[in-house]
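Residue numbers (our numbering), protein chains in the order written: chain R, 1 to 232; chain L, 1001 to 1748.
Please note that a few of the clues may not be correct.
[To be verified] The calculated label-pair distances, taken between Cβ atoms and stated as ranges, are: (1) Leu1131(L) to Thr124(R): 54 to 62 Å; (2) Asp1217(L) to Pro126(R): 55 to 63 Å; (3) Gly1593(L) to Phe140(R): 52 to 60 Å; (4) Pro1202(L) to Pro175(R): 50 to 58 Å; (5) Pro126(R) to Ala1231(L): 28 to 36 Å; (6) Gly1134(L) to Leu37(R): 36 to 44 Å; (7) Asp1217(L) to Leu37(R): 36 to 44 Å.
[As the list claims (entries may be wrong)] No farther apart than 25 Å at their CA atoms in a straight line, the calculated lysine to any residue pairs in the SDA-like style are these: (8) Lys1548(L) to Ala1565(L); (9) Lys120(R) to Ala38(R); (10) Lys120(R) to Gly41(R); (11) Lys120(R) to Ala1386(L); (12) Lys120(R) to Ala1565(L); (13) Lys120(R) to Leu1691(L); (14) Lys120(R) to Phe1694(L); (15) Lys1548(L) to Phe1694(L); (16) Lys120(R) to Ser1698(L).
Don't read these hints as lab results, they were simulated from the structure. Predicted, not measured: the structure shown is a model, and the values here were computed from it. Heads up, the beta-carbon is just placed ideally off N, CA and C, and yes, glycines get one too.
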Amino acid sequence: MIELPLVFVGGLLGSSHCIGMCGPLALVLGSNRQQPLANLGRQLVFSTGRIFTYAVLGAAAGFAGLWLRSQPTALVNIQAALAILAGLVLIALGLATAGWLPWGRLKVGVSSCFAATWLKTFLTAPDLMSVFLAGVFTGFIPCGLVYAFLAVAASTGSLWFGAATMAVFGLGTVPLMALTGCGGSLLSLVTRTRVLRVAALCVVATGLVSIARGAGYLDLLGPTAAGCLMCQ
Amino acid sequence: MTPQAEAHPGCSYCGLPLPRCWWSHDEQRDADQPAFCCVGCRIASSVTQSRGAEGQARWMLTRLGLAIFFTMNVMVFAMALWSRDIYLAGQETSELADTLWQLFRYLGLLFSLPVLLLLGVPIVENTWDTLRRGVLTTDLLILLGVAAAYVYSIVSIISGDGHVYFEVACMVLVMVTLGRWLEARGKLRASQALDALSRLLPQRVRVIRNGQPQLVDRAAVAVAEHVRVTAGERFAVDGRIVEGAAEIDQQLITGESETVARGPGDAVYSGTLNTDGDVVVQVTAAAGAETVSRLIELVQAAREAKGRYQRLADRVAQWFVPAVSLLAIVVTWLHTSQTGLEEGILAGLAVVLIACPCALGLATPLAVWTALGRAAQQQVLFGSGAALERLAAIQAVRFDKTGTLTTGQPVVDNLTVDDGEQADELLALAAGLASASTHSLAGAVSGYARAACHGLDVFAPSDVKSVAGRGVSGQCQQTGSRVWLGSEAYVRQAGLQISTGLQRAVQEAHTAGRSLVCIGWDGRVRGVFRFREQLRPEAASAIAACRKLELDAAVLTGDHDHRGAALAEQLQVPVSAELLPQQKLAAIDHAAGRLGPVAMVGDGLNDAPALAAAHVGIAMGCGADMTRDCADVCLLSNDLSRVAWSVKLARRCVHVIRQNLFWAFAYNAVGMALAASGRLNPIWAAAAMALSSFFVVSNSMRLAAEPDDSYLTDESAADRPAAAHGGTEYEPLENSLRDTKILEAPVA
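Construct the complete structure from the given sequences, taking the supplied hints into account.
Here is the structure:
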């Protein structure tokens, strides 16, 4: 998978986009831990839980892509459509994060009030098992970035590559989340703003690559589209 | 547990009635054992009940979390198995792929075992419990289905052939538990409004025994004992003050935001707040029988009385479980005989899951309970859920006048001054004398004088003499003589003469049936105050609010015709006056025939027949002496704006009930058809079930947020300060201006 490294960078820098939503969770996680090392341990276990959920969701998305592709009645190249769709969403998200869309900053995320009561029980528990479960459930919190990368995972059309895409995306989000949970805001406001811009650009780049890949699939289809009902 | 809760045996978690045995109505319940209405309550209870045992609580939630984690794994293995079918469609299999395939099947078994133990055990426990109580629930069928899917899969693995359905078993368990958990939390929230009330009462009370104060449990206080309540404490029992005085905040009971002064001999109610004094109270109603407990008991009793929709749902639910069991068996048998055992099990399980009657059973009670709780918070007490449904259907509302639209506290209508007298001087003298009397007319005079002349220089009389119920007199420096303020008879007795000009005003007042007060000195009456009943400040806006709800509003009164006409003009509402009680009943019947169901708003004592005759009787001023007999709806606060608010709440409640029922029936009908034909995977059926519960719960919970909009209208906000409190408040500005016009035109 040529874009796995790009997905990683997308997760790495794109996660600054999600600090607003998930950052407080990471902070609660480490709030009553004095030793930095113990806190780091909790942060990593928490992220492992998140990555687990991302991977499962990625596998499901990959399976869905595979299943759609195998449908004999499919009129369009599903894989290409998914890749292009994912790309468009990523570009829109990147532009919105950076505030470059005409209608201003897009607010992504819904009220997490329902999850809050559950998550709080797990987040504040001393044992690592609860912390892991907190991570597992955090992975389900609605997030535009996750959905965009899920579309990328679906476009791989494979259970394992879908899972891998999302796992790599999750890995990319670990550094910033752990940093937030451990040290609060180590970066200055100016640096954070710059990182945000770079992150947004990175998300846009991932989107462009995804679109290019989707277009590539379409191109391949061109002359030898034997499976397409319309071209027969 | 409170004594009331014991009187109504209910679920040990949410307190709502337990499902009854469907073939007999005998309660077979061991009183010491906790009983739960559903598996959600059982789990939720073990999570929350033990606040001390935090570890256990966490373990229960961790249990659900772990089950979800394992289920996610099982799902991935299942997808891997499914994708093999897609990859290898029409292709030869390799040895490696076969080994991998077998491995995934075993992994599915391995990871689904913990789910079965974690979530299956509480459901088994609950099913066993309900079975022992003689209640058959669909949980039993769900368990059977899950067990069948599991056993079939194990047989497939051992025989090395056939499909495995571990993901079905796991997802069903997770979704069912999640759905029940959601319902349990919803039911608890429906009861929470009442719990909040009872939690306000202090648990420990300072009883004076043998002259010594000692802290005892609230329940241990007996009637006639003396209880000391210091500033900042709430009264735990009803009683009568025997010592001390205090400003008391009665908002919880009457909705009145102003504090009231209470001293020896005055009654105090449980739940009210002693804001500043230190009082000793003799108990008149002990814990369990005092005001807040009675209030809670009434709302609980209202829950028990089932409305039309509830009876409909109950009738359906009664046949639901047996019918679904039968259908599931038939579907399983049909599909087994046609396409094999696995299809039969899956179709049967899907039928049971879709037909889970949670949504149907909760559709009405959850909405009604939430609405009743919300109403109680706003000092509106419904006699039953049925009253709520009837109120939603009313087309017309009829108000009584005295004590309903009016406060019963008189206000000065106008002052007629004799030729050559200064109104300001009269008012200043009257205000000075009136403040020496506690009579309600004196209070009205005092308030009127202050409102009519801002910055009034009140003349302070000396040597004040007051004759109870007749008048007051005092020596005034300004007149240099004794000034008399009181009834006509009182001033005549004092030897004051009434001029012909004033005599006409007195005559007019008599003809109109109005009270009057004369003021005079030096042998002559100088001015006559005429009084009228005071409209409640919110009367006009309350009627307007009713009109906004497209209700036909009118007033029925036994009072004089011309006063009725004045009221009609003031409130812009049709008034039928000079009605005898039986004519009021006829008027209500007439309105009912012409417009549809009618609600009658009256005060609970005088208008009892009319309240009983109307489709919904709404009683004002039940205050702390609530009685269920007087009306279907009690407005504990004397706030008319609650009438329209209650109608709005009732309509929204019925709307929510209809939505819930429609959803429950439609969802069951469509889902059942799909499931019976074998086109619905049990996973989707389980997810739909959890979603359906979520919809019903969250839809009903919207009622708990019914906004209290009674204070939002400009009119009522402007009128509000005019409320008469012990005669010290004054008339609204525009009213006093209107009256002073008359004042400036002396009668010839």
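To see whether the hints hold, each was checked on the structure:
no., hint, verdict
1, Leu1131(L) to Thr124(R): 54 to 62 Å, "38 Å, violated"
2, Asp1217(L) to Pro126(R): 55 to 63 Å, "36 Å, violated"
3, Gly1593(L) to Phe140(R): 52 to 60 Å, "59 Å, holds"
4, Pro1202(L) to Pro175(R): 50 to 58 Å, "54 Å, holds"
5, Pro126(R) to Ala1231(L): 28 to 36 Å, "43 Å, violated"
6, Gly1134(L) to Leu37(R): 36 to 44 Å, "58 Å, violated"
7, Asp1217(L) to Leu37(R): 36 to 44 Å, "50 Å, violated"
8, Lys1548(L) to Ala1565(L), "23 Å, holds"
9, Lys120(R) to Ala38(R), "19 Å, holds"
10, Lys120(R) to Gly41(R), "18 Å, holds"
11, Lys120(R) to Ala1386(L), "40 Å, violated"
12, Lys120(R) to Ala1565(L), "64 Å, violated"
13, Lys120(R) to Leu1691(L), "23 Å, holds"
14, Lys120(R) to Phe1694(L), "21 Å, holds"
15, Lys1548(L) to Phe1694(L), "33 Å, violated"
16, Lys120(R) to Ser1698(L), "21 Å, holds"
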